[in-house]
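Top line first, the protein sequences correspond to chains U and A.
For the first sequence, our numbering begins at 15 and goes up steadily by one.
For the second sequence, our numbering begins at 267 and goes up steadily by one.
Hints may contain errors.
Reference excerpt, derived from the structure (chain U facing chain A, CB under 7 Å, subset only) [unchecked claim]:
no.	residue
1	I40
2	G42
3	G56
4	F59
5	Y62
6	G65
7	D77
8	F79
9	Q97
10	F110
11	E117
12	Q122
Listed below are several chain A residues computed to face chain U (Cβ distance under 8 Å; list not exhaustive) [as the list claims (entries may be wrong)]:
no.	residue
13	S299
14	A308
15	G319
16	L320
17	E322
18	R325
19	F329
20	G368
Chain U residues, not near chain A, derived (Cβ > 10 Å throughout) [to be verified]:
no.	residue
21	E34
22	D70
23	R95
Because the hints were derived from the structure by calculation, they are not lab data.
Computed from a prediction, not measured in an experiment: that's the story for all the values here.
Heads up, the beta-carbon is just placed ideally off N, CA and C, and yes, glycines get one too.
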Amino acid sequence: GAGVSQSPSNKVTEKGKDVELRCDPISGHTALYWYRQRLGQGLEFLIYFQGNSAPDKSGLPSDRFSAERTGESVSTLTIQRTQQEDSAVYLCASSFKPQLNTEAFFGQGTRLTVV
Amino acid sequence: GQSLEQPSEVTAVEGAIVQINCTYQTSGFYGLSWYQQHDGGAPTFLSYNALDGLEETGRFSSFLSRSDSYGYLLLQELQMKDSASYFCAVQRWDYKLSFGAGTTVTVRA
């Protein structure tokens with residue numbers, strides 16, 4: 015596709031339910047990043063992938079959070095047993111061979127509201 | 267881990283020059299990037315420095331001093347449309363990309 019696509023754009027869920035957020039990176043981009051952004055705050059690193067591998071999972075806030083990437087393409091971020099503090103915008107970004115070009119392209123994000 | 271520090275807010279008038287400083291601490295530093303984010307929008311890439319010195323792109327310039335673990339973004343000839351949040355980001359040798367808390371720039375007429 016032309017850019018990074020995230021779905022859904024908005025998600026309202028009840029506390030305790032599981033949610034799955036999807037990211038379609040730009041075709042051919044090897045690196046894929048997930049960030050969380052609370053209102054008026056910075057970008058909190060969650061996890062990133064090189065190909066299908068996640069070298070650094072240290073940013074995941076708890077074991078309720080998990081992510082996977084398949085086919086060096088689509089990635090899903092899953093949040094189990096959602097809590098109100100999970101409410102935020104979840105941003106995905108991808109980069110083509112970051113050792114050559116460090117520009118990361120962001121999707122429009124998924125706004126998650128836990129009620 | 268990584269840590270980045272940048273001012274939280276800057277206010278300036280149209281036509282002015284603004285400098286946003288960023289200091290960082292990280293192991294395996296590879297490069298420093300800057301991103302712009304308008305309210306409700308996605309961050310967009312502005313510039314990248316891997317080597318010491320100044321990179322100029324139109325009205326925006328970015329500087330890096332690796333020995334001082336310091337960089338800055340210079341916004342010249344400020345326009346109202348430059349009102350946004352600006353983030354510095356460090357890229358590590360393993361391509362992990364970590365962002366600072368952001369600087370909100372408000373441009374007044």
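Here is how each hint holds up against the structure:
1. I40: At about 13 Å, which exceeds the 7 Å cut-off, the nearest Cβ of chain A leaves the hint on I40(U) violated.
2. G42: With Cβ-Cβ at 16 Å, over 7 Å, it is violated.
3. G56: With Cβ-Cβ at 4 Å, under 7 Å, it holds.
4. F59: holds (5 Å)
5. Y62: Given a least distance of 6 Å, the restraint on Y62(U) holds.
6. G65: violated (11 Å)
7. D77: violated (19 Å)
8. F79: violated (17 Å)
9. Q97: Status violated, d = 23 Å.
10. F110: violated (11 Å)
11. E117: Hint on E117(U): holds, closest Cβ of chain A at ~4 Å, below 7 Å.
12. Q122: Hint on Q122(U): holds, closest Cβ of chain A at ~5 Å, below 7 Å.
13. S299: holds (6 Å)
14. A308: Status holds, d = 4 Å.
15. G319: Where the cut-off is 8 Å and the nearest Cβ of chain U is about 16 Å from G319(A), the hint is violated.
16. L320: violated (17 Å)
17. E322: violated (17 Å)
18. R325: violated (19 Å)
19. F329: violated (16 Å)
20. G368: holds (5 Å)
21. E34: At roughly 20 Å from the nearest Cβ of chain A, E34(U) sits farther out than 10 Å, so the non-interface label holds.
22. D70: violated (5 Å)
23. R95: Given that every Cβ of chain A is farther than 10 Å from that of R95(U), nearest at about 27 Å, it holds.
Hints 1, 2, 6, 7, 8, 9, 10, 15, 16, 17, 18, 19 and 22 from the list above are not met by this structure, while the remaining hints are.
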